[in-house]
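First to last, the sequence lines map onto chains L and B. Those letters in the first sequence? Residues 4 to 138, per the numbering used here, in order. Those letters in the second sequence? Residues 4 to 138, per the numbering used here, in order.
Please note that a few of the clues may not be correct.
In silico PhoX-like pairs for lysine-lysine, Cα to Cα no more than 20 Å straight-line [said to hold, decoys possible]: (1) L:Lys102 to B:Lys84; (2) L:Lys84 to B:Lys29; (3) B:Lys84 to L:Lys29; (4) B:Lys84 to L:Lys84; (5) L:Lys108 to B:Lys84; (6) B:Lys102 to L:Lys84.
It is worth saying that the hints were derived from the structure and are not from the lab.
So you can see what is in the structure, the chains are spelled out below.
Protein chains: 2
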Amino acid sequence: MSKFQVGDSKTIEVQITDAMVRDFAKLTGDFNPIHLDDAFAATTRFKRRIAHGMIAAGLISRAIATELPGAGAVYLGQTLKFTAPVFIDEVITIELKVKAIREEKNILTLDTICRRKSDGSTVLEGEATVLAPRN
Amino acid sequence: MSKFQVGDSKTIEVQITDAMVRDFAKLTGDFNPIHLDDAFAATTRFKRRIAHGMIAAGLISRAIATELPGAGAVYLGQTLKFTAPVFIDEVITIELKVKAIREEKNILTLDTICRRKSDGSTVLEGEATVLAPRN
Numbered sequence: 004m005s006k007f008q009v010g011d012s013k014t015i016e017v018q019i020t021d022a023m024v025r026d027f028a029k030l031t032g033d034f035n036p037i038h039l040d041d042a043f044a045a046t047t048r049f050k051r052r053i054a055h056g057m058i059a060a061g062l063i064s065r066a067i068a069t070e071l072p073g074a075g076a077v078y079l080g081q082t083l084k085f086t087a088p089v090f091i092d093e094v095i096t097i098e099l100k101v102k103a104i105r106e107e108k109n110i111l112t113l114d115t116i117c118r119r120k121s122d123g124s125t126v127l128e129g130e131a132t133v134l135a136p137r138n
Numbered sequence: 004m005s006k007f008q009v010g011d012s013k014t015i016e017v018q019i020t021d022a023m024v025r026d027f028a029k030l031t032g033d034f035n036p037i038h039l040d041d042a043f044a045a046t047t048r049f050k051r052r053i054a055h056g057m058i059a060a061g062l063i064s065r066a067i068a069t070e071l072p073g074a075g076a077v078y079l080g081q082t083l084k085f086t087a088p089v090f091i092d093e094v095i096t097i098e099l100k101v102k103a104i105r106e107e108k109n110i111l112t113l114d115t116i117c118r119r120k121s122d123g124s125t126v127l128e129g130e131a132t133v134l135a136p137r138n
């Protein structure tokens, strides 16, 4: 039997800083000016710089590795729908909730939702598929 | 009319280094030992450390921002299926290919595939949805 149950959930809370955006750009080479250039960003629908969506996705990966199911988890898949921008210095919550368990393979399906802490509005929604560690 | 056509494609090539894995761990807080701890990783099905899957996802984000459709692109969604591990120092290719265009909204659907350069085997497959810049 899996040590997890449908409905189990965990939430972490992280502030998305300018340093994270700049570090992510350096690490990946994603220098999209929408994330880094104030003058360019002012011309966009968002009027100011937004964080890379994949930073929030990286935080889902962290929550999986540290909270649910935890260390040793193997990431099999993720869907991501970026429903609203995250601006610099916003605090977001990353919520994981077990939606389904394939007992024979120890594979969990998790609902993964990121929200602005300030007003609870959704910025990212999707689903993760994860191989849970056996012990 | 969109300046893009179904079938347009771009490929970038990136080596996934140990420094990238450690920087990604620091940036996101994803310290899953499967990525960072040789002794732990030796006990897993992979026998050695693997890169965070979301690093490859970040490289898809880079290819979207820099190649197709390019600067100013707004990421709307992504599906990710991690089909095989990426080991430290492997070179992967990230291929984007326009699969569909919603002309009225200037929204592109892209096939996104990451492969090992050494043998062409797939490590990540999925689909991106992107709002292309207007000019």
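Practice problem: Check each numbered hint from earlier against the structure, then list the numbers of those it violates in ascending order. | Solution: 2 and 3
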